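Colleague: Take the sequence shown: its letter number 353 is residue 353 in my numbering, and every next letter is one higher.
Since the hints were derived computationally from the structure, they do not count as laboratory data. On a predicted model such as this, the values are computed, not experimentally measured, just so you know. Note that the Cβ used here is the ideal one computed from N, Cα and C, for glycine as well. One should not assume that every hint holds.
[As the list claims (entries may be wrong)] Just the calculated beta-carbon pair ranges, DEER-fashion:
1) 210 to 168: 39 to 47 angstroms
2) 10 to 225: 37 to 45 angstroms
3) 204 to 363: 49 to 57 angstroms
4) 36 to 236: 49 to 57 angstroms
5) 126 to 291: 25 to 33 angstroms
6) 225 to 93: 21 to 29 angstroms
7) 342 to 35: 47 to 55 angstroms
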Amino acid sequence: MRSEARHTAWLESLSPWPRDGFGLERMRVLLRALGDPQLAYEAIHVVGTNGKSTTARMIEALLVAERIEVGTYLSPHVSGWSERIRVGGEETDFERAIGRVREDAERLGTTQFETITAAALLEFAAEGVAAAVVEAGLGGRHDATNVLRSRVAVLTNVAREHTEVLGETREAIAREKLAVAQPGSAIVLGEAEWESIAREHQPSSIVVASSDNTAVAHAAAQAFLERPVDPTPARGVALPGRLELREGEVRDGAHTVEALRHIEPHLPPLGSIVASILEDKDIDGLLRALAPHAEVFVATRSSNLRALEAEELAERARVYFAYVEAIPDPVAALARAHELRSPVLVTGSLYLLADLSAREEERVRCRTLVSG
């Protein structure tokens with residue numbers, strides 16, 4: 001192990017899920033130990049089901065163009081952990097950020113997500129940002145990010161997900177997500193149907209934008225700055241694993257039917273699909289929506305603890321696809337899909353794309369060491 005990555009390696013060993021249920025008490029204790037860095041700046045809090053990371057990065061681009069020193073926190077990552085914490089439009093030193101909070105996090109036994117969130121908030125304070133764009137993890141009310149001094153809350157959209165935590169209906173889920181809104185802050189909605197719930201939080205204003213990420217981001221930046229903003233910088237934002245085009249391959253982490261519907265108009269004719277899906281998603285809904293795009297389906301399993309076993313996913317996929325194989329290893333599954341029929345869509349979970357990216361990076365590193 002490289003000594004310079006020891007804090008990141010420690011972080012990877014932590015559980016991403018709280019053993020005693022969701023809540024903010026442990027997070028608040030950790031932040032107090034760190035000097036409550038989240039109070040040093042105002043924030044734009046981004047919640048929703050789909051498009052949160054893209055919207056957050058677009059808001060970042062708009063604020064940077066307006067010469068605002070901005071910190072941005074995203075999750076999950078695809079290419080590497082350093083994607084998650086950004087300052088001034090660039091990735092910051094992730095190892096240093098985790099190192100700053102490790103001692104207190106170890107003492108308190110915080111989760112992986114709580115630790116990264118605290119590291120981001122402390123990094124922003126240390127770098128003197130004037131604004132933080134923070135993407136929520138799961139939901140909103142009990143999410144570790146719900147500790148901010150928010151000027152703007154953004155709800156991108158709502159679909160049924162994590163129903164065991166957030167509720168069974170879209171309305172219940174919207175209510176959980178909008179619980180991050182604070183009295184007197186502005187609320188930006190990508191869907192007009194949540195306006196009545198938004199009003200319950202006594203906002204200074206409610207802006208209903210179209211569901212397009214660019215429109216939502218533009219409205220959020222203008223609400224934060226309280227003045228007109230040129231939307232152009234947001235249009236050039238592209239993230240790994242979001243309609244990422246490669247040779248003979250498309251990678252997109254769509255994990256809901258709604259997310260898939262969003263990318264469908266942009267998909268080329270496909271030969272096969274490789275997917276891993278988390279067990280708390282609408283698995284049959286996703287498979288049904290994917291089926292018209294290819295006859296060949298290769299089921300695999302990401303490293304996420306909630307990922308469905310490849311064999312079980314394959315069994316459920318056989319109802320919808322003419323030919324199905326189960327290959328647990330993601331790299332082998334992708335190679336097999338290319339053998340069977342290209343182009344290949346790799347989808348169902350950003351965690352799958354992160355696994356593939358990590359393995360590809362490792363191969364490049366090994367080749368570099370051998371050639372060196």
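Colleague: Now look at each hint and say whether the structure bears it out.
Modeller: Hint check results:
1. Range check, residue 210 to residue 168: about 27 angstroms between beta-carbon atoms, so the 39 to 47 angstroms window is missed.
2. Distance hint check: the CB atoms of residue 10 and residue 225 are about 38 angstroms apart, consistent with the given range 37 to 45 angstroms.
3. Taken as a hint, the range 49 to 57 angstroms holds for the pair residue 204 and residue 363, whose Cβ atoms sit roughly 51 angstroms apart.
4. Here the CB-CB span from residue 36 to residue 236 is close to 35 angstroms, at odds with the stated 49 to 57 angstroms.
5. The hint said 25 to 33 angstroms for the Cβ distance between residue 126 and residue 291, and at roughly 49 angstroms that hint is violated.
6. Distance hint for residue 225 and residue 93: a CB-CB separation of about 28 angstroms, consistent with the stated range 21 to 29 angstroms.
7. Between residue 342 and residue 35 the beta carbons are some 53 angstroms apart, a value that agrees with the proposed interval 47 to 55 angstroms.
Taken one by one, the earlier hints fail for this structure at numbers 1, 4 and 5, listed in ascending order.
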